[in-house]
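There are 2 protein chains.
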Amino acid sequence: MAIAAESVTEVCRRARAASLILPGVASADKDAALTVLARLLRERTAEILDANRVDLDAGRDAGLDDALIDRLRLDPDRIEAMAVGVEAVRALDDPIGELLERRTLESGIEMEHRRVPIGVVAIVYEARPNVTIDAAALCLKSGNAAVLRGSSSAAASNAVLVGIVKAAVAEASLPEGTVEAVAGGGREELGELARQRDLVDLIIPRGGEGLKAALEAVAEVPILYAASGNCHVYVDAAADLEMARGIAYNAKVQRPGVCNAAETLLVHEAVAAEFLPAALGDLAGAGVELIGDERVRELSGDVPVGPAAAEDWDREYHGLKLAVAVVDSAAEAIDHVNRHGSGHSEAIVTGDEAAADAFTGGVDAACVYVNASTRFTDGFEFGMGAEIGNSTQKLHARGPIGLRELTSTKYVLRGTGQTRG
Amino acid sequence: MAIAAESVTEVCRRARAASLILPGVASADKDAALTVLARLLRERTAEILDANRVDLDAGRDAGLDDALIDRLRLDPDRIEAMAVGVEAVRALDDPIGELLERRTLESGIEMEHRRVPIGVVAIVYEARPNVTIDAAALCLKSGNAAVLRGSSSAAASNAVLVGIVKAAVAEASLPEGTVEAVAGGGREELGELARQRDLVDLIIPRGGEGLKAALEAVAEVPILYAASGNCHVYVDAAADLEMARGIAYNAKVQRPGVCNAAETLLVHEAVAAEFLPAALGDLAGAGVELIGDERVRELSGDVPVGPAAAEDWDREYHGLKLAVAVVDSAAEAIDHVNRHGSGHSEAIVTGDEAAADAFTGGVDAACVYVNASTRFTDGFEFGMGAEIGNSTQKLHARGPIGLRELTSTKYVLRGTGQTRG
Chain B
1 MAIAAESVTE VCRRARAASL ILPGVASADK DAALTVLARL LRERTAEILD
51 ANRVDLDAGR DAGLDDALID RLRLDPDRIE AMAVGVEAVR ALDDPIGELL
101 ERRTLESGIE MEHRRVPIGV VAIVYEARPN VTIDAAALCL KSGNAAVLRG
151 SSSAAASNAV LVGIVKAAVA EASLPEGTVE AVAGGGREEL GELARQRDLV
201 DLIIPRGGEG LKAALEAVAE VPILYAASGN CHVYVDAAAD LEMARGIAYN
251 AKVQRPGVCN AAETLLVHEA VAAEFLPAAL GDLAGAGVEL IGDERVRELS
301 GDVPVGPAAA EDWDREYHGL KLAVAVVDSA AEAIDHVNRH GSGHSEAIVT
351 GDEAAADAFT GGVDAACVYV NASTRFTDGF EFGMGAEIGN STQKLHARGP
401 IGLRELTSTK YVLRGTGQTR G
Chain X
1001 MAIAAESVTE VCRRARAASL ILPGVASADK DAALTVLARL LRERTAEILD
1051 ANRVDLDAGR DAGLDDALID RLRLDPDRIE AMAVGVEAVR ALDDPIGELL
1101 ERRTLESGIE MEHRRVPIGV VAIVYEARPN VTIDAAALCL KSGNAAVLRG
1151 SSSAAASNAV LVGIVKAAVA EASLPEGTVE AVAGGGREEL GELARQRDLV
1201 DLIIPRGGEG LKAALEAVAE VPILYAASGN CHVYVDAAAD LEMARGIAYN
1251 AKVQRPGVCN AAETLLVHEA VAAEFLPAAL GDLAGAGVEL IGDERVRELS
1301 GDVPVGPAAA EDWDREYHGL KLAVAVVDSA AEAIDHVNRH GSGHSEAIVT
1351 GDEAAADAFT GGVDAACVYV NASTRFTDGF EFGMGAEIGN STQKLHARGP
1401 IGLRELTSTK YVLRGTGQTR G
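Chains as they are written, first to last, in our numbering: chain B, 1 to 421; chain X, 1001 to 1421.
Fair warning: there could be bad hints in the mix.
[Unchecked claim] Derived DEER-like restraints, expressed as beta-carbon distance ranges:
1. B:D50 / X:G1421: 28 to 38 Å
2. B:R315 / X:E1043: 45 to 55 Å
3. X:N1338 / B:A170: 19 to 29 Å
4. X:N1338 / B:G97: 11 to 21 Å
5. X:G1024 / B:A81: 36 to 46 Å
Hints were generated in silico from the structure; no laboratory data involved. Bear in mind the structure is a predicted one, so any value in this text is a computation, not a measurement. No residue lacks a Cβ here, since even glycine has one placed at the ideal position from N, Cα and C.
The task is simple: from the sequences and hints, build the whole structure.
Right under this line is the structure:
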C-alpha cells in the first residue's frame, strides 16, 4: 500500500514540474507534439491492436458484456479516427495567452487579463481507450500537464497509447512529465489521486454514477463532473407537429445510452390529441417503452402507455424508455423542466417567438434548444474539437468541456513604481 | 434544532424561487432597486446607527478587542460610503445577457453563448456590517438571489441593513426572496446552509481560516474561498533600488493585516549589499519585525534581523513581520514564490524586460506585478466596483470576485428542425 501511494505521488510530482514549464511553451511546439502523436498512432497501429487484443481476451474471460467489449475494441478505423481527432485539436486556436481584457487602472498600472493553463489536470475514465488520446491531445494543446487514469479493463491498450503519447512529447522536446499515467487499479489509487491537493489542480471524472460517488466521498482536489442528463423535449401549442415528431424521435432513439438523449416528452394540451398517437406510435415502433400521466394514457390511441410514478420524472433511463406528460402551458413545461431536469440539454418545439424566448430564458440548463434535438450538445457539434464530457455545473465550465474550459486566467500588472496610498 | 434547520431551508427556498425570476429582470429594474437602496441608506442613517450602538455595547461587554470593535463600528461617513458604493455598482455594465460567442454550427443551428446569473449565492462573513450592503448590491446587479449570513456580533446592525435592502427590493418590485438573511448564529446554522445543495448554488465565505476550516468539513455546496495571501516582493538585480524600497515598504506596512500585503521580501544577491541596509532600516523604523536567512543577516548592517526557520517562508503574518531572503537569480526567486506562495499577488521590481517576462510568465498566481505594490489587488483598484474578496482558486474565478465572477453561462441554440444523423 505504501508503495502504491508513493508512486501516485511521484507521478503527480513529475506532472507538477512539467506544469510549471508548459505555460511558456510556444503554440508551434505544442502543435509539433500533436503532429508527431497523429503520425505515431498511424505508424504503430499494429502494436496498438496487439495490446487491445490482450484486453479483449481478458475482458471476455472476465465475462464483460457485449456493450463493454464493443467500447473496449479498437480497429484500424477507430485508430485512424483518433489520429484525425488529434489533428482536429491541433488545428484549433491555442487558448493560452488569449487576452481577455487590457486596461489602464486609475493608478496608472497597465492591467492585462490573460488565459493560462490550469496546471495539472487528472482525467479518470472508464473502458474506452480512445479517451486516452482525446484527453492527452486537449491537455497538450491547452498547456496543462495531464495525469490519466484509465480503467484496468483497458490496461494493455492504454499502456501502449500512453507510451505513444510520451514518445511524441519526447520527440517534440516538451517536458518529461507533460503526460503521465496512473496504472489502472483499484479505488485505492483513485483515492490517492483525488487527495493530491498540492500537486493536482483539477480532476475530471468521465464515467458513471459509481465513479462519481467514489470520488465525492474522498476527493480533496476540485472536481469537474462530466455529468448525467435528464433531458426534456417540450412540444408547444404552436409547434410544427411534423418537426416535433422528428425531434422527439431523434432525441430519444438515435443514441439512447448517452447523456444528451431525452428522457421525458412534454406536450401542450392544445395539440396533445393530434400529436400523441402518431408520435408515440413512432417511438413504440422503435421499441421504446412508454410511460405517461393520465391524460397521455387517454390520448395515446392504440399505443400502449404504462402509468408513470412520481419518481419517474427524475430518472435517466439510459435506454429505450420515455416518460410522457401533458402540460397546460409553456410556463408549466418550464416549471416541470426546472423541477426535474439535471440542467444538461432541454428543447422546445414551437413556431411562437414569445414561447421560445420564455423557454430559453426561463429554463435553467447548460444548453437550451429551440426547434432542434437535444442530441447536438457535444464538443464536436459545437465546433470545439474534442471534448472531455459535458458539465452541468454552473461554476467554471457549463456545457461541453473543451480547450477553453481547461484554462484559468492570470492578471499581469505593469507599473512604474506605484504604491497604494 | 429542528426549527433552526427548517428555517434555513425555508429561507433558501424563497431565494431559490426568486432566482428563477431574476435572470429575466431588466437592467433598469435592477438599477432602480440599487437607486432606492442608496437613498434608503441615507434616509435611515439614524436607525442604522442606533442598531449599531446595540452591537457595539454588546461587543464591549463581551470583551471584543479594539480592532474588532473598529470593524464593527458604523458612523455617518461609513454609511455614506456604503451608499456611494451601491451607486458605483449600479453604474457598472450589467453582466447578464452579455454575448460571449455567436456562431452558426455545421448543422445550421444558430448558437449563442451568454452570461446568466449563477442562481442562489450565499455569502458568509464576519464582523464588518458594510459587507451586507456590498454583497447585496453585487448580487442584485448580477441577477443572483443572495442569502446573507453575517456574524452574531453584528446582528442588530445587519438586521436593520437587511431590512433596508428588502425594502428597496420591494419598492422596485423585484421578487420577494431576492435578498434573504440567515440570522447570525452558531456553526450549526452554517452547516445547514452549507448542505443546501438543491437550493444554493455557491457559498462565498469571507473570513479567516477558522471559517474556512468549519466550512470545508461540512460543505456540500460549491465554495469559492476569498483566500489568504502569502505574497512576495522580489527585488531583481536590475531593479531601481529607490523604487524597490518604496514598493517593499508599501507592500508590508501600508495595511499589514490584509491578504494582499507582502509577507516575504526576496533580494537578488547582486544588489543585496546595497539594498538591504536602507530598505530594512525603513521597515524596522515602521516597527516591522524582521527575520531572514544567513546572507540577509550578514548584509543587514545595523538593522536587527532574527533567524528565519524553514516554516517561516510559508506563513502569512497578518501583521508587522516580514521574512527576507537573498536569491542568486530571478529563476530562484520564481521557484521560491511557486514553492511557498499561495497564488495571490506577487511582485518583481526590475528594469530588465526579460526578467519581468520570466517572472510574470513563470509565477503561478492570480495577480503578478512588475514595478508596483502587491497592495493593488482589489476590486475597486481593478475597476470592478465592489468585490467579495479575492479568489486564489484556479477554477471559475481567480483574483477579485466582482460582478462577472458572480455569473455562469448558458448556450441557447435555435434550429429549424435539426436532428442528429
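Quick rundown of the hints versus the structure:
no.	hint	result
1	B:D50 / X:G1421: 28 to 38 Å	34 Å, holds
2	B:R315 / X:E1043: 45 to 55 Å	53 Å, holds
3	X:N1338 / B:A170: 19 to 29 Å	25 Å, holds
4	X:N1338 / B:G97: 11 to 21 Å	19 Å, holds
5	X:G1024 / B:A81: 36 to 46 Å	43 Å, holds
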